[in-house]
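A.B. asks: Each chain is listed here by its residues.
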Amino acid sequence: MERKTMIKPLFLQHFRRRHLNSLLSAMFLLFLPLMAVAQHSSSETESAGLSELARIIQEADSGSTILLEPRTYSVNDLLIEKSVTIDGQNSAVLDIGGEGYGLIVMGENITLQNFEIKDSGFGFMDDYAAILVEDSRNILIENLTLTNNFFGIFVAKSEKVEVSNNRIISNAERQTTSGNGVHIWYSKDVEVHQNEITGHRDGIYLEFVEGSMITGNNVYSNIRYGLHFMYSDNCTYIGNEFRDNISGVAVMYTKNVIMRHNLFVQNWGANRYGLLLKEINDSVVQFNRFETNSVGIYSEASNRVEIERNEFYNNGTAIRMMANGLDNRIERNNFIGNVFEVSTNSRSNPNHYEGNYWSQYEGYDLDRDGVGDVEHRPVRLFSLFAERHPLSLIMLRSMMAGLLDTAERVFPVLTPKNLVDQKPAMEPIQ
Amino acid sequence: MKKSLVFSTLFLLILSACINQEPKKVNLNMDECAYCKMVISDQQFVSQLVSDKGKSYPFDSIECMAAYAYQTPDIAENAKLYAADYTQRGQWLLLDNADIYHAEGVPSPMGLSLFALPGQETIPSEIADAEKMNWNETINFVVDQWNVKR
Chain U
1 MERKTMIKPL FLQHFRRRHL NSLLSAMFLL FLPLMAVAQH SSSETESAGL
51 SELARIIQEA DSGSTILLEP RTYSVNDLLI EKSVTIDGQN SAVLDIGGEG
101 YGLIVMGENI TLQNFEIKDS GFGFMDDYAA ILVEDSRNIL IENLTLTNNF
151 FGIFVAKSEK VEVSNNRIIS NAERQTTSGN GVHIWYSKDV EVHQNEITGH
201 RDGIYLEFVE GSMITGNNVY SNIRYGLHFM YSDNCTYIGN EFRDNISGVA
251 VMYTKNVIMR HNLFVQNWGA NRYGLLLKEI NDSVVQFNRF ETNSVGIYSE
301 ASNRVEIERN EFYNNGTAIR MMANGLDNRI ERNNFIGNVF EVSTNSRSNP
351 NHYEGNYWSQ YEGYDLDRDG VGDVEHRPVR LFSLFAERHP LSLIMLRSMM
401 AGLLDTAERV FPVLTPKNLV DQKPAMEPIQ
Chain G
431 MKKSLVFSTL FLLILSACIN QEPKKVNLNM DECAYCKMVI SDQQFVSQLV
481 SDKGKSYPFD SIECMAAYAY QTPDIAENAK LYAADYTQRG QWLLLDNADI
531 YHAEGVPSPM GLSLFALPGQ ETIPSEIADA EKMNWNETIN FVVDQWNVKR
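One line per chain: the protein sequences are U and G, in this order. Be aware that the first sequence starts at 1, since it is given in the working numbering, and climbs by one per residue. Be aware that the second sequence starts at 431, since it is given in the working numbering, and climbs by one per residue.
Keep in mind that the hints were calculated from the coordinates and are not lab data. One or more of the hints may lead you astray.
Keeping only pairs whose Cα atoms sit at most 25 Å apart, straight-line, the calculated DMTMM-like set for lysine to aspartate or glutamate is [unchecked claim]:
| id | chain 1 | residue 1 | chain 2 | residue 2 |
| --- | --- | --- | --- | --- |
| 1 | G | K467 | U | E159 |
| 2 | G | K562 | U | D126 |
| 3 | U | K255 | G | E534 |
Beta-carbon label-pair distances, calculated as ranges [claimed, not checked]:
| id | chain 1 | residue 1 | chain 2 | residue 2 | range |
| --- | --- | --- | --- | --- | --- |
| 4 | U | E134 | G | V573 | 26 to 36 Å |
| 5 | U | E162 | G | P503 | 41 to 51 Å |
| 6 | G | Q521 | U | E134 | 21 to 31 Å |
| 7 | U | G123 | G | F437 | 54 to 64 Å |
| 8 | G | E507 | U | G363 | 45 to 55 Å |
| 9 | G | E556 | U | G216 | 32 to 42 Å |
| 10 | U | N271 | G | P554 | 48 to 58 Å |
| 11 | G | V573 | U | S91 | 29 to 39 Å |
Residues from chain U shown here face chain G by an in silico Cβ test under 8 Å; the list is partial [what the hints assert, rightly or not]:
| id | residue |
| --- | --- |
| 12 | I223 |
| 13 | R224 |
| 14 | M230 |
| 15 | Y231 |
| 16 | A250 |
None of these values were measured; they are calculated from a predicted model. Note that beta-carbon positions come from the ideal geometry of N, C-alpha and C, so glycine has one too.
Bound-form chain U, shown alone (with noise of 0.2 Å):
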């Protein structure tokens, strides 16, 4: 044993003097172009490791359709600036992993379809989306599923972007730290059609929006407003549905809005509106529906605003109207079934109503045309004081209320005077 200790120290010393610079040298040569081999490869795997979707995406020309194998790919903070088709066939997956953005689009021409993307991360400070669109021109989304996102789809100072028939869905557990379905900012000639969205903060947000075209989306049960859009002048909203969601929808700071066609259901609860009006002018509330809410509209320091040919079924209040807005018109609409037909807060009435079927109505139409003979006061009395003490509202049904209504129909003294319908219909209008 010691003998054996003893020379090999000897012998490597020895080798060590002699021989070793050399040999090291002689093996660095021989390595070096195995070396180069191992580099490059470690570097295409890096880069495939990545993101084999940015790889692509780099391969592909100008104005090609990228098709996407029926797999799962890794995306994060993936740019897209060339203008290409990214088509999922309905079965590619992109997984953004929990963390930062997915797809940030920006550049013109790009199209985004058939694909599912998922798991955005979320942030205190940052508003990660699955898809953002930021400085962008011609941009198409369509036909994708989104789930569980932070924000679904953000535009940013975007013109011409169009989000179609996609699926914005997300989780409940991470309700406190929801984003908005479809977030629009800042942004000119913008389309969102046929979406269905849930389970986001907002189902659809738009600030500073201009010229935007809302159709056939169904938004519900998201964690505050369905829709909500804030100086968004010349904006269209047409057959959407805007279901359970706890806010309803919120519409405010903003001229010329046309609302047709939309179905405003189920917000029930303190501070829930179907449709909440706030300094709105000059727009256009046409053919809407509005179903057990607990205020159907709400509106405040609105002015000029057309609420026609709408129908208000089973709503606890279907208009709420302050009296800081003037010149909004309330004509030819159906009230059926609401428990107060319209409340406000002030003896003065700004506004008009004419022309509309109220079924609390007790009046007669002697003459048979169809219009009631004696005009129709759609505030009770006992509204005003369930404004003031909520809990009044248990003595809704007594007949105590019952008399106190009727003998403010016949002499109004504590409601406004002058908000009466002229014109009440007979029937309801079809």
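Assemble the complex: chain U is given as a structure, and chain G must be docked to it using the hints.
C.D. replies: Showing chain G alone in chain U's frame:
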């Protein structure tokens, strides 16, 4: 007589000391902004005014609190004003010890891009050109931008 006077003043003093002007809890996605009626949901911008009677008025943004304070000076007088710390989740800042900033691009719920940070705190690096404002300047800015009337 004198004794009862002393006692009653003491009693009143104690009562007044009972009024709590600490910030109350704001229920996100439930409570409504006292100014703009919007449901409050963005924790970074939540604000709150607690009157000298101890009543809390929640707001979704600093701009709404400024407009409200301008419109209802009787409530705002002697009130304590709080705003959320822009960078720290769920942290209330008493505005007396905090700085208000205006920076384009900061997505405050009402679009005027106001946010609050603790006094002397450096601004997050991603925000360019933040302009510091005191409370009166903030009110003037909001009143001017929104054309708020009393």
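A.B. asks: List, from low to high, the hint numbers that the structure doesn't satisfy.
C.D. replies: 1, 10, 11
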